[in-house]
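Residues are numbered in our numbering as their position in the sequence shown, beginning at 1, plus a constant of 410.
Hints may be right or wrong, so weigh each one.
Cβ-Cβ distance ranges computed for the label pairs, FRET-style [stated by the list, open to error]:
no.	residue 1	residue 2	range
1	R471	G506	32 to 38 Å
2	L498	Q425	25 to 31 Å
3	G506	G485	18 to 24 Å
4	Y433	R471	27 to 33 Å
5	R509	H434	19 to 25 Å
6	L516	N412	31 to 37 Å
7	M411	G456	15 to 21 Å
8	E413	G506	26 to 32 Å
9	D442	G506	29 to 35 Å
10	S441	A501	14 to 20 Å
11	G456	E414	17 to 23 Å
12	R418	S441	30 to 36 Å
13	G506	T465	28 to 34 Å
Calculated directly from the structure, the hints in this document are not laboratory data.
Glycine residues also receive a C-beta, built at the ideal position from the N, C-alpha and C atoms.
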Amino acid sequence: MNEEQFRRQVRQLAQMRGWTLAYHTHNSRRSDAGWPDEVYGHPTAGRTIFIELKTDTGRIRPEQKLWLRHLSDCGFEVALWRPRDLALIVATLSPGGPRATLPETL
411 MNEEQFRRQV RQLAQMRGWT LAYHTHNSRR SDAGWPDEVY GHPTAGRTIF IELKTDTGRI
471 RPEQKLWLRH LSDCGFEVAL WRPRDLALIV ATLSPGGPRA TLPETL
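Sequences and hints are given; from them, build the entire structure.
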């Protein structure tokens, strides 16, 4: 599964669970380096998640780490998800699910 296929799968899961707001940077060449791939909002649950998506073997760039850590340090829900994280993704996208957190190895 490539990153775009994975992004579409995650977005579909989010929509099925009531995440009504979604943002995706369509042309990252014209955006600040490292900004997360997706931002989802669930107004009813009062949640916003910033998400970086990678394939199971994809590497995260230093600029991406910087943004993810910054957003997390500011108290936002932040996730780095890969296809192997599907069970965690499904649970986190449930309105009453656990908050998204970064892996300790980031």
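Evaluation of the provided hints:
no.	hint	result
1	R471 <-> G506: 32 to 38 Å	33 Å, holds
2	L498 <-> Q425: 25 to 31 Å	18 Å, violated
3	G506 <-> G485: 18 to 24 Å	19 Å, holds
4	Y433 <-> R471: 27 to 33 Å	20 Å, violated
5	R509 <-> H434: 19 to 25 Å	21 Å, holds
6	L516 <-> N412: 31 to 37 Å	22 Å, violated
7	M411 <-> G456: 15 to 21 Å	31 Å, violated
8	E413 <-> G506: 26 to 32 Å	28 Å, holds
9	D442 <-> G506: 29 to 35 Å	33 Å, holds
10	S441 <-> A501: 14 to 20 Å	29 Å, violated
11	G456 <-> E414: 17 to 23 Å	30 Å, violated
12	R418 <-> S441: 30 to 36 Å	20 Å, violated
13	G506 <-> T465: 28 to 34 Å	29 Å, holds
The structure shown violates the earlier hints numbered 2, 4, 6, 7, 10, 11 and 12.
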